[in-house]
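Number of protein chains: 6
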Amino acid sequence: MDLTHLDEQNKPKMVDIGDKAHTTRKATASGIIETSQDAFNAVMNNTAKKGPVLQTAVIAAIQAAKQTSTLIPMCHPLMLNSINTDIKELPDLPGFKLEVTVKLNDQTGVEMEALTGVSIGLLTIYDMLKAIDKAMVIKHIQLEHKSGGNSGDFNR
Amino acid sequence: MDLTHLDEQNKPKMVDIGDKAHTTRKATASGIIETSQDAFNAVMNNTAKKGPVLQTAVIAAIQAAKQTSTLIPMCHPLMLNSINTDIKELPDLPGFKLEVTVKLNDQTGVEMEALTGVSIGLLTIYDMLKAIDKAMVIKHIQLEHKSGGNSGDFNR
Amino acid sequence: MDLTHLDEQNKPKMVDIGDKAHTTRKATASGIIETSQDAFNAVMNNTAKKGPVLQTAVIAAIQAAKQTSTLIPMCHPLMLNSINTDIKELPDLPGFKLEVTVKLNDQTGVEMEALTGVSIGLLTIYDMLKAIDKAMVIKHIQLEHKSGGNSGDFNR
Amino acid sequence: MDLTHLDEQNKPKMVDIGDKAHTTRKATASGIIETSQDAFNAVMNNTAKKGPVLQTAVIAAIQAAKQTSTLIPMCHPLMLNSINTDIKELPDLPGFKLEVTVKLNDQTGVEMEALTGVSIGLLTIYDMLKAIDKAMVIKHIQLEHKSGGNSGDFNR
Amino acid sequence: MDLTHLDEQNKPKMVDIGDKAHTTRKATASGIIETSQDAFNAVMNNTAKKGPVLQTAVIAAIQAAKQTSTLIPMCHPLMLNSINTDIKELPDLPGFKLEVTVKLNDQTGVEMEALTGVSIGLLTIYDMLKAIDKAMVIKHIQLEHKSGGNSGDFNR
Amino acid sequence: MDLTHLDEQNKPKMVDIGDKAHTTRKATASGIIETSQDAFNAVMNNTAKKGPVLQTAVIAAIQAAKQTSTLIPMCHPLMLNSINTDIKELPDLPGFKLEVTVKLNDQTGVEMEALTGVSIGLLTIYDMLKAIDKAMVIKHIQLEHKSGGNSGDFNR
Numbered sequence: 001m002d003l004t005h006l007d008e009q010n011k012p013k014m015v016d017i018g019d020k021a022h023t024t025r026k027a028t029a030s031g032i033i034e035t036s037q038d039a040f041n042a043v044m045n046n047t048a049k050k051g052p053v054l055q056t057a058v059i060a061a062i063q064a065a066k067q068t069s070t071l072i073p074m075c076h077p078l079m080l081n082s083i084n085t086d087i088k089e090l091p092d093l094p095g096f097k098l099e100v101t102v103k104l105n106d107q108t109g110v111e112m113e114a115l116t117g118v119s120i121g122l123l124t125i126y127d128m129l130k131a132i133d134k135a136m137v138i139k140h141i142q143l144e145h146k147s148g149g150n151s152g153d154f155n156r
Numbered sequence: 001m002d003l004t005h006l007d008e009q010n011k012p013k014m015v016d017i018g019d020k021a022h023t024t025r026k027a028t029a030s031g032i033i034e035t036s037q038d039a040f041n042a043v044m045n046n047t048a049k050k051g052p053v054l055q056t057a058v059i060a061a062i063q064a065a066k067q068t069s070t071l072i073p074m075c076h077p078l079m080l081n082s083i084n085t086d087i088k089e090l091p092d093l094p095g096f097k098l099e100v101t102v103k104l105n106d107q108t109g110v111e112m113e114a115l116t117g118v119s120i121g122l123l124t125i126y127d128m129l130k131a132i133d134k135a136m137v138i139k140h141i142q143l144e145h146k147s148g149g150n151s152g153d154f155n156r
Numbered sequence: 001m002d003l004t005h006l007d008e009q010n011k012p013k014m015v016d017i018g019d020k021a022h023t024t025r026k027a028t029a030s031g032i033i034e035t036s037q038d039a040f041n042a043v044m045n046n047t048a049k050k051g052p053v054l055q056t057a058v059i060a061a062i063q064a065a066k067q068t069s070t071l072i073p074m075c076h077p078l079m080l081n082s083i084n085t086d087i088k089e090l091p092d093l094p095g096f097k098l099e100v101t102v103k104l105n106d107q108t109g110v111e112m113e114a115l116t117g118v119s120i121g122l123l124t125i126y127d128m129l130k131a132i133d134k135a136m137v138i139k140h141i142q143l144e145h146k147s148g149g150n151s152g153d154f155n156r
Numbered sequence: 001m002d003l004t005h006l007d008e009q010n011k012p013k014m015v016d017i018g019d020k021a022h023t024t025r026k027a028t029a030s031g032i033i034e035t036s037q038d039a040f041n042a043v044m045n046n047t048a049k050k051g052p053v054l055q056t057a058v059i060a061a062i063q064a065a066k067q068t069s070t071l072i073p074m075c076h077p078l079m080l081n082s083i084n085t086d087i088k089e090l091p092d093l094p095g096f097k098l099e100v101t102v103k104l105n106d107q108t109g110v111e112m113e114a115l116t117g118v119s120i121g122l123l124t125i126y127d128m129l130k131a132i133d134k135a136m137v138i139k140h141i142q143l144e145h146k147s148g149g150n151s152g153d154f155n156r
Numbered sequence: 001m002d003l004t005h006l007d008e009q010n011k012p013k014m015v016d017i018g019d020k021a022h023t024t025r026k027a028t029a030s031g032i033i034e035t036s037q038d039a040f041n042a043v044m045n046n047t048a049k050k051g052p053v054l055q056t057a058v059i060a061a062i063q064a065a066k067q068t069s070t071l072i073p074m075c076h077p078l079m080l081n082s083i084n085t086d087i088k089e090l091p092d093l094p095g096f097k098l099e100v101t102v103k104l105n106d107q108t109g110v111e112m113e114a115l116t117g118v119s120i121g122l123l124t125i126y127d128m129l130k131a132i133d134k135a136m137v138i139k140h141i142q143l144e145h146k147s148g149g150n151s152g153d154f155n156r
Numbered sequence: 001m002d003l004t005h006l007d008e009q010n011k012p013k014m015v016d017i018g019d020k021a022h023t024t025r026k027a028t029a030s031g032i033i034e035t036s037q038d039a040f041n042a043v044m045n046n047t048a049k050k051g052p053v054l055q056t057a058v059i060a061a062i063q064a065a066k067q068t069s070t071l072i073p074m075c076h077p078l079m080l081n082s083i084n085t086d087i088k089e090l091p092d093l094p095g096f097k098l099e100v101t102v103k104l105n106d107q108t109g110v111e112m113e114a115l116t117g118v119s120i121g122l123l124t125i126y127d128m129l130k131a132i133d134k135a136m137v138i139k140h141i142q143l144e145h146k147s148g149g150n151s152g153d154f155n156r
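Residue numbers (this note's numbering), protein chains in the order written: chain U, 1 to 156; chain G, 1 to 156; chain L, 1 to 156; chain X, 1 to 156; chain Y, 1 to 156; chain H, 1 to 156.
Please keep in mind that the hints were generated in silico from the structure rather than gathered at the bench.
Don't take each hint at face value.
Which copy is meant is left open, because identical chains are indistinguishable; a pair holds if it fits in one copy or across any two.
[Unchecked claim] With a cut-off of at most 30 Å between alpha-carbon atoms, the simulated BS3-like pairs for lysine-lysine come out as follows:
hint: 1; residue 1: 97; residue 2: 13
hint: 2; residue 1: 134; residue 2: 97
hint: 3; residue 1: 20; residue 2: 134
hint: 4; residue 1: 13; residue 2: 88
hint: 5; residue 1: 13; residue 2: 134
hint: 6; residue 1: 88; residue 2: 134
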């Protein structure tokens, strides 16, 4: 099993994507934040109806996805075509599920962009609610789907 | 239950910390990445002995902790005093646990900095190993300890 | 009249604030975006009631205020204590007025932070509405109030 | 009238440009800073003849135009082909007019890049002159021309 | 001899690359840090065998190369295809030589990216060793090879 | 000889400065770019008399010094009090010498900030002149003076 991001001297490298195909690539990642009932209620009962907390999380997720190559050291800078989000309320957990979908027409995949968007989006929810509950847990950050590129499709 | 990060118009705000005490604040956060056996072995069997993959993750975690206020919209810019990391191999999972501890002597806490460091550090491990295993899951990103400040100490 | 930001060789410099007083400094800046009636209505009639467009603008304003020292070349990096915003609907113009207030307890003022927040916030409204109206004009970006520091208070 | 940057849940999104044409796109934006006579004179009488103040503004404008996608939340990262500036002295106002022209060969327009360059360039002039005059006003930030792309040309 | 980065008003500009050929461009730059014997030994005798110090330098070099357009004012944002590094121990100097190679398939060269990577990588070695030796000197930062583009190949 | 930036597991860390003294710290670094006669003349004969090329370099140096903690992985974020530059023409080399002086009143030194400013400033001169001369060499980037802090003063 090969560590593609290491060179023959065992140093990290940014791998060469120059010979890979220009194709449409798409990745969806998701993650969950488990909150206390109080924290969940504060979001749901807000007069603006989930507006500010979840809107802030979505914006943070989108901005972070665009910053992936500055955050993850071996990621390539990419000109993302689109970033979409989906937030599901999970009243039984309670908590929230954030899904981020990224599209690109270029020579490498966008899994890391989708995963980074999810991570920072969930951290933003934590930040907005941490005065109520510091014990919240972020869990199940994972790739859901991926298409395009020569490593084939992935569906969890 | 109050959403401290929203103003009376339900807009996000960066809360005023100007009257809070200058005290030593410390926060430790942790998280886990669950890998396949192949991915775990690739890290452990590397001739440089975990060097490049986990070193890259640690550096990414430290750099991300310093970028917290640009990533999490309502976080204050802070002059962190120290950032330390700990990585534990979890051969039974298999996977890795990353812990990040941040210290500051100032007017607000550093929970978000520790959590952001953990999140980006684990995403970096995912990135370095994703050619072997795309199904890895990041889980249990959580605050472990927090001390200093008027909201009191927190121990999970 | 002295150009404080130039040295004796006429090169820009970041001026020395090391001997200035540590005091509470506060600045409020404002600006207006004049829109078409259609663009204004699109914001006001949105089912989420101004939510997404103006919320995005507020978040962009706050994040930009924190980035001032990377955008304005001779500005000092500062640890802002708080950032608050106010948005007024101007149905007669029509358009919107954005006000940003920044506080700091340190050795230099925060006028540029407030003005940068206003500018980027208004540009964000432009961006969110430009599919409807490209002729919108941003006007009257100005300092409203400033207090603290040895240059005295300013009130427009 | 459609808010293109919102999804069906009224959350912001980065719109999909993947199906848009790769064409040459060009945008010119402009804006004015109105100064006091003293501040205007300080720039004009400088021994280096407008050098340092306006040169700093131009450089800040160019660097900001490149940072547009990190500042304006729903903007796409873009590989700008060129950025040019023009500064006109307005002795009768008095003040300065800054114009920024951006070119790109890609799938979306560069209006926001030109407008962001203008805004940050004018704020830099404010910063360089604010020890002389804090009452300066930035006004008339607007799109002048735009060509390329399927929304057609725009000329004010 | 023409200063291509200045316009007819002697202001800096980001030159237009829109008509240049899309070709594979490659640049290698190198530089040396001369250390004391003590500092050199600290790296070589480290139980992790050069691991942490030089690994950190390599990662910093790669991340800096990706940030070139934000650091060097007139550089274009570019989507680099690959970044590789090489570190040579120079026991006789003593010191270390860092080489960075950048590849791109686009309309402008990547000399600045390679040179920026080298500079920040060497500064990182300085930072990691400065508690032992503050007199270290960074020298001979230079372009080694360049290919692709209409200015022809360069070989030192 | 101790590698202060490594922890007991040989991982990089951001060292704890929380117990160090708050004192005035100052550092001056310098470096040289050796150019061809043609490149040197292009700067000196420019109608704006060294204006645009060297002004751009100075601004880039100041902005880079402020970005040090994002570029050098183990550096602390710092609120620099002042940044000054000095450029000397070296007609006999030919070339230019850039000196950057940084001041801070805080708990750690600013050597890296001064050195980073010098490096990026010189790279900017390279960038502005590289159409004339690609063989330029950056040399002798070094700390000149340092005062403040418990490691004592340094004078080359």
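Which of the listed hints are not met by the structure?
none
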